[in-house]
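Undergrad: Respectively, the protein sequence lines represent chains Z and H.
FYI, the numbering for the first sequence is 9 to 572, going by my numbering.
FYI, the numbering for the second sequence is 28 to 485, going by my numbering.
Worth flagging that the hints you see were computed from the coordinates, not collected in a lab.
Keep in mind that this is a model prediction, so the values were computed, not measured.
Treat the hints loosely; a few may be bogus.
Said to hold, decoys possible - Among the chain Z residues that face chain H by a calculated CB cut under 8 Å, a handful are:
no., residue
1, T108
2, V124
3, L173
4, A194
5, Q214
6, S395
What the hints assert, rightly or not - Rough simulated footprint, nothing fancy, chain H against chain Z, three-plus residues with beta-carbon under 8 Å:
no., stretch
7, 221-234
8, 300-307
9, 410-420
For every residue, glycine included, the Cβ atom is placed at its ideal position computed from N, Cα and C.
The primary structure of each chain is shown beneath.
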Amino acid sequence: MVRTLCAAVFVLVGCEGAIMGPRVEGPVGVDPTTGQPTPVTPVTPMDPPVDPPIVTACAPSPAPGSAPMRRLSHEEYEHAIEDLFGDAALARQVSAGFITDSTSLGFRNAARFLDVKPVMMQKYQDAAEAVAAQVTSTANLPRLLPCPTSGGEACARQAIERLLLRAYRRPAPVADVDRYVAVWRAGSMGADFRTGMEWVVGAVLQAPKFLYRLEVDGSMTARALGAYELASRLSFLFWQAGPDDALLEAARTGRLSTAADVEREARRLLADRKAERVFNFFEQWMDVDELDPLRRDAMVFPGLPATLATLLREETRQFVKASVLDGDGTFETLMTSPVTFVNGDLARHYGLSGITGTTWQRTTFTSGLRGGLFMNSGALVSHDKQSRTSIVNRGMRVRTQLLCQTVPAPPDDVPLNLGAINGEFSQADRLAQHRTNPSCSGCHTLLDPLGEPFENVDAVGRERTMENGRPIRTSGEIHASRDIDGAVSSGIDLMRKLSTSNEARECMVTQLFRFSHGRQEETTDLCSRQRALERFKNSAWNVRELLVALTQTDDFLFKPGVTP
Amino acid sequence: MSAFSRRRLLGAGGVTVALPFLESLLPRAARAQASTPPRRVIWVFTANGDQESRRFSTKSETGFVLDEFLAPYQAQRADMLFVEGVDKYHYRLPAGQRADGHQQGGSALAPWKSGSGSFPIGGQTGQTIGYVMGPSIDRVIGERVQAENPNVRFTHFNFRVGDRSNNIWNQHSHRGPVGTQNPIPPETDPFAAYTRIFSSVDPAAREAALRRLRMRQSALDVVKAELAELGPKLSADDKRRLDQHTESVREIERSLSGMAAQVPQCTTFATGTTFDVYLHDRWWDVGRVFAKISAMAFACDLTRSINYNWSGNTSDRVYRELSFTDGHHTISHDSSATAFTRIRQIIRLLHQRTVDGLYTELKAIPEGNGTTVYDNTLVMHWSELAQGDTHGNSNNLVMFGGGAKRLFRTGRYVSLASQQRKSFSDLLVYCFHYMGWPEVTSFGDPLLSQGGLPPGLV
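Start from the sequences and build out the full structure, keeping to the hints where you can.
TA: Okay, structure coming up:
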């Protein structure tokens, strides 16, 4: 989520974007007389406010926040190709070279940054041509066709109508079909039926109506979404791809017109194997997607598996599946469960005996030192250094990703020296020394004590009790939270406190809202987020129910007016 | 010389990528040989600043002595202008509209306020921070070039060595327009960039190539029809993104028209055997291939504006070749003498590789009248910070090389420290002047400008 976390930050403030967050402000500023940045005085966090009622912001009529047009994220593109043509390897292959989209609030699916610049346009062109050649090969073409090629243009028309229904995620108007029939004619002229279809598929996969999730079926005023629009929202939320035939049929037959219809389909989609793709949210939230390549110093960590990043990602994927989709689904389990999954290679890396082979097996960290999503190796070490852990980065990510708080910029032109790490002092010792400097303690008091509790997991995800011959210290302290301030004894202790924190629960709602809507939260969608939070609470903080709850909000069921 | 199709070359996997016959290229190449070569600019980025006190062992206008980490430029010091005391003036931006020194400094080629809504670190008073809200100079110059020279196929290139992920720390090129967050993710795979930029047609398979061209145009016709149909149904923001998509289509179409053209051969070069471009061990090789591409693209007049980055800002690459175990950014926040020794070694290595790579490639391509591409290309060296351990941003070092002498009085050291006009964004204005647009007097947010060109440079 955060590629590189600045090592020197002076003041921490609460997240205005949070539903009910505190704000702690410190004087970062400019000297009015000199125009130069001023050093910063440490701040004392404010006492957390009492929680306000959950639902306070709902207007009588729906008032959804903005709904920007969304280009398919690269993951959505890949899954869409996979679902359209039933070839996951091909889908992965053609999208592998796409230019990585700009990260926003930790996610790579922010609508405003999903555009088609020239380089990406050419990537789409290359991918479309590669897919088209493959799926219209002599061997594969029959799967695209509902009729024999001897039917000529009439058959091509049928095939185009069927393809567009799935690719455009709605029935294509005649004008669109005609346009592609013309493409087929041009392609087949002087060639053959197959070539015509290759041209068609190549064009469809570059078309804006495929590449963008369009919601232009109705008027430009504020309105309820149409059935096909809802079908797309549902399928992209749970499957990261377009609707299946059943969902399209529900839309066609009027069985996707009420909130109850939407909930029914949401639960169907959530129960499907393709719902495992919701891992895409968790891995971006936790930065597991940024593990590869996992660079570590071979002198410090000799003999690491060459595929360690892949192993750690799969471990987290299995953990999310087990805790959210297959298990009890509670936030507490997600945050604290000691269950994990290993195959032979990862078991050997962890020093676990009795597990061999390539099959992934469920096991449990029995040390009592770790548990939960954030303490999954893939999440915890994603921003560690090549030779060591990063206490600052780990603490920062608890602050920003699990509590949704923000951290201001350090000023320019002031000493930000963190000093060297060497064998004489541990990283924790160095940071403790650092906090004796008044100009540094304001920040590091708020970050380091959230990172130090995780020191019993090293930079490659293995448990440890000693570092450089000295016992690891895992005590820490939570400052500037709304409801869990106080000392913690270890990483798992911190995670248990977070699992009971309303601030952390709300943060999960916020993060999921950002991911599912492709944008930052807004004042206008406060009601939707609070409604989702309310259902989350009423379900005993069940993450599956939170996913369903998101589909029952004004922001999911309605869209605002469009100002050209 | 044998000819190879792009597909044949790429289809072999793990083979040398080479396009010996570049028939797709440059209507201008032959013309460039016979007339005055066009001017170009390339911005070369190195991360985390340097050590301000160790740039020069002697500071005087012409008798200056390059210290340790600038020594790689000794051979071409006569071509260069070394300017220090350059201030980025970020502190003038309102609170909440500036990111931290790395982030805002990394956007110095796009000297605009930062927006909000993208990152939890770097904002103010509880707010998130965002990308800068305006275009970078490489984009603006590229647009101006194309407005005057429609045959120049690509607006600009944006290359970065290193990781694939893109965020506020590592994107230095921005599309704009002013008021809009619109970062341009860089190309990080030089092999993919090469095939994209130098796409060719095997003349032995000309008919197949023309069919491919017709197929592509057919698809683009669909795309254009849909873009036109959707535009009126969208919000202004969505429409803006769709317009950008339309512009991308036009760029592809320009390439297609080139595919069909019977044009003189430009030149040939091999990019070398393909490899995993994200391995840190191949860092220099990636930079070298990007340097080759840059030089040849200039020579072929495919573009006149390139944003070339050795990394993103805040780079924490571990320089194992120097026996270091901590990353660059980590070391830069250590004020000890040992740490600064390492910083100097890192920066020297980066500059040495720039000379060995980019400078060598630029000098290797003759352009007539005894000049090379190097002589007609302004190289501007910059970093996001002046010095890392303080996030110093008021004493930046900027170096101009290559064809700098066509504008600047080179072979000199100039300190702007005591000058009234020493703004980084004002310094960028010289790039417009170099390109032949002296009417440009400012670039970027007025808060970052001192209202005039830094003196004593030309």
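Undergrad: The structure should be examined with respect to each hint, and the outcome stated for every one.
TA: Going through the hints against the structure:
no.	hint	result
1	T108	holds, 5 Å
2	V124	holds, 4 Å
3	L173	violated, 16 Å
4	A194	holds, 5 Å
5	Q214	holds, 5 Å
6	S395	holds, 5 Å
7	221-234	holds (count 3)
8	300-307	holds (count 4)
9	410-420	holds (count 9)
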